[in-house]
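1 is the number of the first residue of the sequence shown in our numbering; add one for each residue after it.
Read the hints as simulated data drawn from the structure, not as lab findings.
This one's a predicted model, so the numbers in the text were calculated from it and none came from an experiment.
Even for Gly, the Cβ is constructed at its ideal location relative to N, Cα and C.
Accuracy of the hints is not assured; some may be wrong.
List of simulated lysine-lysine pairs, DSS-like, C-alpha gap at most 30 Å [stated by the list, open to error]:
id, residue 1, residue 2
1, Lys183, Lys131
2, Lys91, Lys131
3, Lys67, Lys87
4, Lys182, Lys131
5, Lys131, Lys67
6, Lys96, Lys67
7, Lys91, Lys67
8, Lys67, Lys98
9, Lys67, Lys93
10, Lys131, Lys98
Cβ pair distances, simulated, as ranges [what the hints assert, rightly or not]:
id, residue 1, residue 2, range
11, Asn111, Asp54, 41 to 51 Å
12, Lys91, Ser70, 33 to 43 Å
13, Lys96, Tyr35, 17 to 27 Å
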Amino acid sequence: MVSLCASVKGITTHTHPLYFHLTVTSGAEPSIVQYPQDISVFLNSTVLILCEFDYSDKIFTEVYWRKDPSCNQPALQPTTNTSDVQKSQVKIKTEKSKNFSILRLDNVQLNDAGMYFCDVRLTVPPPVRHKCGSGSRLTVHESKCDGNIRHAKTWWVWFFLLGYSICSSIIIIAFSVLQCCKKQRNNSKNTDGICTLPSEWIYNKPSMTLNNGFNQEYEDMRLIKTFTHSGRKI
């Protein structure tokens, strides 16, 4: 309210108060779609949350991701140190020209469970306006399959050792059989190569040993006698 008062030559005049009313329009609020709304994963898994936003005016936009209990919590920051395997890795990719933002959590831990909100802020033209998505609830379960996986891996090792033993035994047996067959074949060839003497060439040694010291001569004489009776000439 503005009041004007003036005095001219002892005459005082008053004016009526003037009122000014200023109205600032905030513009259209953006529409935000965030999904999935419910996420249930096991420990050390990877989680992706998508936020799509739309607004009618071409204005400057900032997008933040926040974790529970409300959308007023400090914004999540991308992880810079990836050497700690006991902590989750935060990655954020925002495409303002395409009106979407993606929050990625790698190697999620039990303390990562909770609500995640996409916060879209319109900074230009002023005043700053913001709107949060409906939120995505993340539930992290301890993996009950780890013991079964280790047990299955142990069984695979045992199966491998058993198969290796069976294959080795088969190879050894096959090699032994091959060697036996080869030996039998060689023996058969050697037997076939021996000349069979005619019956005439075979003579019996005397049943009694002569004591006159002429054993060899006697045997030679019996051999000559056998050749003579068979009609062979020496």
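Would the hint linking Lys91 and Lys131 be met if the CA-CA limit is 30 Å? OK: Lys91 and Lys131 at ~21 Å, within 30 Å.
Given the hinted pair Lys96 and Lys67, is their alpha-carbon gap at most 30 Å? holds, 21 Å
Decide if the proposed pair is consistent with the structure: Lys67 and Lys93, CA atoms, cutoff 30 Å inclusive. Distance of about 17 Å is within 30 Å: holds.
Just to be careful, I want the Cα atoms of Lys91 and Lys67 compared with a cutoff of 30 Å; is the pair within it? holds, 14 Å
Are the Cα atoms of Lys131 and Lys98 separated by 30 Å or less? holds, 18 Å
Is 33 to 43 Å a correct range for the gap between the Cβ atoms of Lys91 and Ser70? The hinted range 33 to 43 Å is violated for Lys91 and Ser70, with Cβ atoms some 23 Å apart.
Quickly compare the C-alpha distance for Lys67 and Lys87 to 30 Å and report which way the hint goes. holds, 16 Å
Hey, Lys67 versus Lys98, does the alpha-carbon distance stay inside 30 Å? The given pair, whose Cα atoms are some 24 Å apart, holds under the 30 Å limit.
Check whether the Cα positions of Lys131 and Lys67 lie no farther apart than 30 Å. Given that 30 Å is the threshold and the Cα spacing comes to 15 Å, the pair holds.
Compare the distance between the alpha carbons of Lys182 and Lys131 with 30 Å, and conclude whether the hinted pair is satisfied. violated, 89 Å
Given the proposed pairing of Lys183 with Lys131, does the C-alpha separation stay at or below 30 Å? Not satisfied, since the Cα-Cα distance of roughly 92 Å exceeds 30 Å.
Is the hinted range of 17 to 27 Å satisfied by the C-beta distance from Lys96 to Tyr35? Once the Cβ atoms are compared, 19 Å apart, the range 17 to 27 Å for Tyr35 and Lys96 holds.
Against the hints set out earlier in the document, violations occur for numbers 1, 4, 11, 12.
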